[in-house]
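2 protein chains.
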Amino acid sequence: MSNFATNSLGVIQPQTLHFNEPLTLASGKTIDEYDIVYETYGSLNAKGDNAVLVCHALSADHHAAGYHSESDSKPGWWDLCIGPGKAIDTNRFFVVSPGNLGQCGGSTGPMSINPKTGKAYGPDFPVVTVSDWVNYQERLADSLGIAQWAAVAGGSLGGMQAMQWSIQFPTRIRHAIIIASAPKLSAQNIAFNAVARQAIMSDPAFHEGRYYDHKVVPASGLKIARMLGHITYLSDDAMGDKFGRDVKNEQLNYNYGVEFQVESYLHYQGESFAARFDANTYLLMTKALDYFDPAEKEGGDLAAVFSKTDSQFFLASFTTDWRFSPQRSREIVRALTDSKRDVSYLEFESNHGHDAFLVDNAEYIAAFSAYMNNIEISE
Amino acid sequence: MSNFATNSLGVIQPQTLHFNEPLTLASGKTIDEYDIVYETYGSLNAKGDNAVLVCHALSADHHAAGYHSESDSKPGWWDLCIGPGKAIDTNRFFVVSPGNLGQCGGSTGPMSINPKTGKAYGPDFPVVTVSDWVNYQERLADSLGIAQWAAVAGGSLGGMQAMQWSIQFPTRIRHAIIIASAPKLSAQNIAFNAVARQAIMSDPAFHEGRYYDHKVVPASGLKIARMLGHITYLSDDAMGDKFGRDVKNEQLNYNYGVEFQVESYLHYQGESFAARFDANTYLLMTKALDYFDPAEKEGGDLAAVFSKTDSQFFLASFTTDWRFSPQRSREIVRALTDSKRDVSYLEFESNHGHDAFLVDNAEYIAAFSAYMNNIEISE
Numbered sequence: 074m075s076n077f078a079t080n081s082l083g084v085i086q087p088q089t090l091h092f093n094e095p096l097t098l099a100s101g102k103t104i105d106e107y108d109i110v111y112e113t114y115g116s117l118n119a120k121g122d123n124a125v126l127v128c129h130a131l132s133a134d135h136h137a138a139g140y141h142s143e144s145d146s147k148p149g150w151w152d153l154c155i156g157p158g159k160a161i162d163t164n165r166f167f168v169v170s171p172g173n174l175g176q177c178g179g180s181t182g183p184m185s186i187n188p189k190t191g192k193a194y195g196p197d198f199p200v201v202t203v204s205d206w207v208n209y210q211e212r213l214a215d216s217l218g219i220a221q222w223a224a225v226a227g228g229s230l231g232g233m234q235a236m237q238w239s240i241q242f243p244t245r246i247r248h249a250i251i252i253a254s255a256p257k258l259s260a261q262n263i264a265f266n267a268v269a270r271q272a273i274m275s276d277p278a279f280h281e282g283r284y285y286d287h288k289v290v291p292a293s294g295l296k297i298a299r300m301l302g303h304i305t306y307l308s309d310d311a312m313g314d315k316f317g318r319d320v321k322n323e324q325l326n327y328n329y330g331v332e333f334q335v336e337s338y339l340h341y342q343g344e345s346f347a348a349r350f351d352a353n354t355y356l357l358m359t360k361a362l363d364y365f366d367p368a369e370k371e372g373g374d375l376a377a378v379f380s381k382t383d384s385q386f387f388l389a390s391f392t393t394d395w396r397f398s399p400q401r402s403r404e405i406v407r408a409l410t411d412s413k414r415d416v417s418y419l420e421f422e423s424n425h426g427h428d429a430f431l432v433d434n435a436e437y438i439a440a441f442s443a444y445m446n447n448i449e450i451s452e
Numbered sequence: 074m075s076n077f078a079t080n081s082l083g084v085i086q087p088q089t090l091h092f093n094e095p096l097t098l099a100s101g102k103t104i105d106e107y108d109i110v111y112e113t114y115g116s117l118n119a120k121g122d123n124a125v126l127v128c129h130a131l132s133a134d135h136h137a138a139g140y141h142s143e144s145d146s147k148p149g150w151w152d153l154c155i156g157p158g159k160a161i162d163t164n165r166f167f168v169v170s171p172g173n174l175g176q177c178g179g180s181t182g183p184m185s186i187n188p189k190t191g192k193a194y195g196p197d198f199p200v201v202t203v204s205d206w207v208n209y210q211e212r213l214a215d216s217l218g219i220a221q222w223a224a225v226a227g228g229s230l231g232g233m234q235a236m237q238w239s240i241q242f243p244t245r246i247r248h249a250i251i252i253a254s255a256p257k258l259s260a261q262n263i264a265f266n267a268v269a270r271q272a273i274m275s276d277p278a279f280h281e282g283r284y285y286d287h288k289v290v291p292a293s294g295l296k297i298a299r300m301l302g303h304i305t306y307l308s309d310d311a312m313g314d315k316f317g318r319d320v321k322n323e324q325l326n327y328n329y330g331v332e333f334q335v336e337s338y339l340h341y342q343g344e345s346f347a348a349r350f351d352a353n354t355y356l357l358m359t360k361a362l363d364y365f366d367p368a369e370k371e372g373g374d375l376a377a378v379f380s381k382t383d384s385q386f387f388l389a390s391f392t393t394d395w396r397f398s399p400q401r402s403r404e405i406v407r408a409l410t411d412s413k414r415d416v417s418y419l420e421f422e423s424n425h426g427h428d429a430f431l432v433d434n435a436e437y438i439a440a441f442s443a444y445m446n447n448i449e450i451s452e
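Residue numbers (my numbering), protein chains in the order written: chain A, 74 to 452; chain F, 74 to 452.
Here chain A stands alone, though its shape is the one from the complex:
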């Protein structure tokens, strides 16, 4: 007897595919061979037209839904939206969730052994872009016999991958689901990433990225990076509602230790993240964000880029998201309407800032579910 909810996928086993065909990256560098670790939920139908690709954001991985064991207390990162009867309904769809190249959850990344040296790649792992990930995910689609995705879906950096799929392989995607995302980073977005990278790279334990060889990790720098990131994921209001100016102890200490609950929370979040995540991967993910700018090749004209797409688009944003605000989604929507694409866009009231795409919200879930349920698939 399972302890999981009736609409849970239960225990999920990750799978691995090894690729020997070299992948040439935007940087001009090549990665000769690599593993893609991925999970699937639901079943591919006979015509193979019900596959949905789920793309993860900065700090997530292939584990998007279900649990890894009966005793697992925490499900995958988008379990809220993936499962039987959920927005991405696994009774209808065959969902594929890969860990991206450069990630630290199993797919080949900086922690993996470089076959040329027999040691971890570390800083020799090439910088990858959203466009590179789409090429990498296309290889996975080929291997799984998926000629065309019913939908490619993701939030934040994951939404950028869905957008890039519509641009890069217009005939292989029917619907792009782009949630809490942006057409490119703003100068302020890049600036926050620059501070995070500076914190990691100036940690003496970083050793220019070769910390694996020294058997240490730049936990201190990664903690700072995550504390900062966390502030940008939450809204000012949500932080205020959750913590206000509540103090940690009964009275003020007037020292440089932690005085307020919000500090205590951030320290905890930073430390637990630093204990589980790889610093080189964090750097790589922030760079993938920085470089994303699909309109650049058309001189900044995003509508011109979208005019070559064939898919339909669903976009959603959240009122208190200040990392990728509704305004940023509206820029995408405007370019899509200018290029006469078929686009649905909804802005949801939420107090949860950028994290809202991961948080239960009846209107968001209802709209997302309705859109997905209207996607036509064969029986």
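A few of these clues could be false.
All copies of an identical chain are treated as equivalent in the list; a pair is satisfied when it fits inside any one copy or across any two copies.
To be verified - Okay, derived cross-link-like pairs now, BS3-like style, lysine-lysine, Cα gap no bigger than 27 Å in a straight line:
(1) Lys315 <-> Lys189
(2) Lys370 <-> Lys315
(3) Lys321 <-> Lys370
(4) Lys102 <-> Lys189
(5) Lys102 <-> Lys147
(6) Lys315 <-> Lys102
(7) Lys102 <-> Lys321
(8) Lys321 <-> Lys120
(9) Lys381 <-> Lys413
(10) Lys315 <-> Lys120
(11) Lys315 <-> Lys192
(12) Lys102 <-> Lys192
(13) Lys315 <-> Lys360
(14) Lys413 <-> Lys360
(15) Lys413 <-> Lys370
Hints are computed from structural coordinates only; laboratory data are not their basis.
Given chain A's structure and the hints, the job is docking chain F onto it.
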């Protein structure tokens, strides 16, 4: 012949007063003796009713206006607003600008010699609050023979001091000028400070604040703190207008070095700040911000606190300031009107974020000047 503009104060000589009377702080600790370094501009009139106290913010000091030498290229931090014919018109007012206790510009602070040990205070320097600074500034007023300030003025943390003066010494201040400030920090404000402190305190060169003894400075941590602070001083729009996604070199490098102009700018700002500012002072200043909460003693009722004040109030905020947004100033204004105080409040259109209080803006300067010119003083 001077190279300075006709409305410049020219070369200014800082002055120092030594105080031997112990000052008891909010923390319960005492500082036995201390220097106040300050500058004055203009002359005190016969009745002594034309004195204006200028209070500085986080990273500034006593040098508010004029130059320190004929060859000095940069004037004091509020030279825009202090001088003959300027908003705080030195033809009318006698302006006093002290460096606060705990500062690193000359007034006694963590870098000063602790007379008890013969070594720099470092982390033994007590945490100080805005209320402590007001007591400290009152000592200076007494020494200079100023029974009542015509006005106390400041922006950001300086505005908090002006507010605190109106509360703490209601009969010694006629006008409180509170610009781009807040009634207390939000959880998000505290969170940013916590990240900055973490960056400094986890720098191995910090040595628990005793870095002077090791003849090093935690420049790396202080650089990160300042890079982060700088993002919060600028608006997203201003950063976008100034840098956009302009790249530093002609083409992308696809590595972990600096790629975009905004990164280059932040690195430069962080490094130049780390070369001039003391890390222990930075910690102390962020703590003074965190602790500021004048309504706390009345259970959060700011109007109740203001009901005991006697001064008039001038408040100003700037549309794109997201560190202390117009909403935060309106909270103060609401409490002042609820307590039936005399308050003028203006919100100015500006693209300069929190820094706007230091930036030329015709409407802001005109309104500030008009208010100051209406302050009655004897001939």
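#### Entry: Intra- versus inter-subunit Cα pairing at 27 Å for Lys315 with Lys120
neither (48 Å within a copy, 52 Å between copies)
### Task
At 27 Å max between alpha carbons, let me know whether Lys370 reaches Lys315 within a copy, between copies, both or neither.
between (43 Å within a copy, 22 Å between copies)
### Query
Between copies, within a copy, both or neither: which fits Lys381 and Lys413 at Cα up to 27 Å?
within (11 Å within a copy, 63 Å between copies)
### Message
For Lys315 and Lys189, with the copy left unspecified, which applies at a CA distance of at most 27 Å: within, between, both, or neither?
### Response
neither (50 Å within a copy, 44 Å between copies)
### Message
Within, between, both or neither: how does the pair Lys321, Lys370 come out at a Cα-Cα threshold of 27 Å?
### Response
between (51 Å within a copy, 18 Å between copies)
### Task
If the cutoff is 27 Å on CA atoms, where do Lys102 and Lys321 land: within, between, both or neither? Let me know, please.
between (50 Å within a copy, 21 Å between copies)
### Message
Reference check for the pair Lys102 and Lys192, CA-CA at most 27 Å: within, between, both, or neither?
### Response
within (19 Å within a copy, 55 Å between copies)
### Task
If the cutoff is 27 Å on CA atoms, where do Lys413 and Lys370 land: within, between, both or neither? Let me know, please.
within (20 Å within a copy, 60 Å between copies)
#### Entry: Intra- versus inter-copy proximity for Lys192 and Lys315 (alpha-carbon distance at most 27 Å)
Classified as neither; 45 Å inside a copy, 43 Å across copies.
### Task
Evaluate Lys321 and Lys120 at a C-alpha cut-off of 27 Å and name the case that applies: within, between, both or neither.
neither (58 Å within a copy, 49 Å between copies)
### Query
How would you label the pair Lys315, Lys360 (within, between, both, or neither) given a Cα cut-off of 27 Å?
For Lys315 and Lys360, the Cα distance is within 27 Å only across copies (21 Å; inside one copy 31 Å).
### Task
Classify it for me, Lys102 with Lys189: is the Cα-Cα distance of at most 27 Å met within a copy, between copies, both or neither?
Cα proximity of Lys102 and Lys189: one copy only (14 Å, versus 62 Å across).
This entry does not satisfy hints 1, 5, 6, 8, 10, 11 and 14, going by the numbered hints stated previously.
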